[in-house]
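Trainee: One letter stands for each residue in the lines below.
Protein chains: 2
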Amino acid sequence: MEILERAILEKGKVLNGGVLKVGAFLNNQIDVNIISAMGKDIYEKFKDCGVTKILTVEASGIAIAVITAQFFNCDTVFAKKSKTINVDGELYSAKYFSFTHKNENTLIVPKEYLDKNDTVLIIDDFLAHGEAVNALIDIVKQSGATLAGVSVAIEKGFQGGGDELRKKGVNLYSIAVIDSMENGQVVFRK
Amino acid sequence: MEILERAILEKGKVLNGGVLKVGAFLNNQIDVNIISAMGKDIYEKFKDCGVTKILTVEASGIAIAVITAQFFNCDTVFAKKSKTINVDGELYSAKYFSFTHKNENTLIVPKEYLDKNDTVLIIDDFLAHGEAVNALIDIVKQSGATLAGVSVAIEKGFQGGGDELRKKGVNLYSIAVIDSMENGQVVFRK
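Going down the list, the protein sequences come from chains V and L. For the first sequence, numbering that gives the first Met the number 0 assigns the number 189 to the last residue and increments by one with no breaks. For the second sequence, numbering that gives the first Met the number 0 assigns the number 189 to the last residue and increments by one with no breaks.
Worth flagging that the hints you see were computed from the coordinates, not collected in a lab. Among these hints, one or two may not hold up.
In this list, chains with the same sequence are indistinguishable; a pair is considered to hold if it fits within one copy or across any two.
Unchecked claim - Below, computed lysine-lysine pairings styled on DSSO-like, alpha-carbon distance capped at 27 Å:
id: 1; residue 1: Lys189; residue 2: Lys80
id: 2; residue 1: Lys94; residue 2: Lys46
id: 3; residue 1: Lys115; residue 2: Lys44
id: 4; residue 1: Lys140; residue 2: Lys189
id: 5; residue 1: Lys80; residue 2: Lys20
id: 6; residue 1: Lys80; residue 2: Lys101
id: 7; residue 1: Lys20; residue 2: Lys115
id: 8; residue 1: Lys110; residue 2: Lys166
id: 9; residue 1: Lys189; residue 2: Lys79
id: 10; residue 1: Lys101; residue 2: Lys44
id: 11; residue 1: Lys140; residue 2: Lys167
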């Protein structure tokens with residue numbers, strides 16, 4: 000989507016280690032006009048999928064998830080990150096490794112907020128290796144809900160998580176896909 | 000505001016230790032219709048204050064902050080919680096004690112997202128002892144920005160943080176103020 004790609008080029012910063020910093024408009028300071036346009040774009044892609052709930056993960060997925068939920072007129076649930084491995088029976092939980100923070104996390108969602116009657120759209124800000132999104136998909140499976148699909152703002156295509164999901168048949172829509180950031184130059188997939 | 004008070008009575012749960020659980024609609028599962036109504040209500044109270052930026056804290060303040068930002072058509076910045084006491088010069092930081100989690104946290108905001116040209120409205124989901132809000136006010140002062148005011152969804156009036164802010168002359172608007180939760184019975188301030 001042009002508005003997001005332009006924001007990445009104008010306001011994003013490519014840092015060492017394959018990190019794209021978009022704190023200026025997406026995940027520390029949030030430009031409401033950009034994420035509203037993204038929410039509408041996601042809605043257009045999934046509006047016929049019967050979505051009843053949006054699932055995201057704290058903290059930086061919440062803004063885009065809740066703005067998108069306005070278009071679907073549905074509730075948003077966010078998974079919390081917990082260091083605790085043992086969680087009681089009232090929670091869905093899934094472990095994943097964060098390449099950004101170099102640690103293992105457990106995502107938890109109370110069972111009362113997700114069940115087999117739901118059709119879930121997973122939303123997040125970034126998709127890189129796909130660890131967090133796969134943990135969210137695992138939680139949707141545990142709940143017995145239907146997975147409508149996954150939508151992310153920015154897919155780092157060169158890290159492979161998105162193409163893995165597509166191979167598995169997941170209905171994935173990434174608003175912007177970056178195929179390369181070599182020498183600080185962002186190249187989008189066409 | 001009637002819609003929030005009704006949601007608290009119908010969907011909230013009073014737990015031991017003065018805890019009000021509103022995960023069903025506010026800070027784990029988010030009812031977009033309720034927070035949109037709240038965002039509009041906050042806008043009506045502060046629309047003439049020249050707000051240029053909304054400041055909140057991760058994770059549960061983000062949803063209401065970003066929805067409210069739509070009405071003001073301004074950016075939202077969220078403070079991150081850091082366990083690290085030493086932070087470098089590119090960040091504003093303020094320590095506070097979390098009564099909920101029984102630990103000390105440091106809130107951090109990159110300096111590039113807040114400065115003396117901003118007029119800031121602080122938004123959060125809960126105001127109890129006021130520790131987090133006071134840390135956010137400290138950050139606004141460090142930045143040289145003007146504080147337009149503070150708005151929270153739910154003030155636990157019996158824990159005193161809100162009245163302390165009012166005494167200091169802070170322009171505080173709490174959408175619902177709870178004066179007592181004894182015996183599991185929520186009593187709102189009139």
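Trainee: Check Lys80 against Lys20 for me: Cα-Cα at most 27 Å, and say if that holds within a copy, between copies, both or neither.
Mentor: both (21 Å within a copy, 18 Å between copies)
Trainee: Are the CA atoms of Lys140 and Lys189 at most 27 Å apart within a copy, between copies, both, or neither?
Mentor: neither (32 Å within a copy, 46 Å between copies)
Trainee: How would you label the pair Lys115, Lys44 (within, between, both, or neither) given a Cα cut-off of 27 Å?
Mentor: This pair counts as within: shortest intra-copy Cα distance 23 Å, inter-copy 41 Å.
Trainee: Reference check for the pair Lys80 and Lys101, CA-CA at most 27 Å: within, between, both, or neither?
Mentor: both (14 Å within a copy, 18 Å between copies)
Trainee: Please sort Lys101 with Lys44 into within, between, both or neither, judging by C-alpha distance up to 27 Å.
Mentor: neither (33 Å within a copy, 43 Å between copies)
Trainee: State whether the alpha carbon distance between Lys189 and Lys80 is at most 27 Å within one copy, between copies, both, or neither.
Mentor: neither (34 Å within a copy, 37 Å between copies)
Trainee: Checking an output row: Lys189 and Lys79, CA cutoff 27 Å. Within, between, both or neither?
Mentor: neither (34 Å within a copy, 35 Å between copies)
Trainee: Under a CA distance limit of 27 Å, which applies to Lys140 and Lys167: within one copy, between copies, both, or neither?
Mentor: For Lys140 and Lys167, the Cα distance is within 27 Å only inside one copy (14 Å; across copies 51 Å).
Trainee: Is it within, between, both, or neither for Lys110 and Lys166, if the alpha carbons may be no more than 27 Å apart?
Mentor: Answer is neither: 29 Å inside a copy and 42 Å across each miss the 27 Å cutoff.
Trainee: For Lys20 vs Lys115, is the C-alpha pair at or below 27 Å within one copy, between two copies, both, or neither?
Mentor: between (37 Å within a copy, 24 Å between copies)
Trainee: Is the C-alpha distance from Lys94 to Lys46 at most 27 Å within one copy, between copies, in both cases, or in neither?
Mentor: neither (30 Å within a copy, 44 Å between copies)
Figure legend: structure checked against the earlier numbered hints; hints not met, in rising order: 1, 2, 4, 8, 9, 10.
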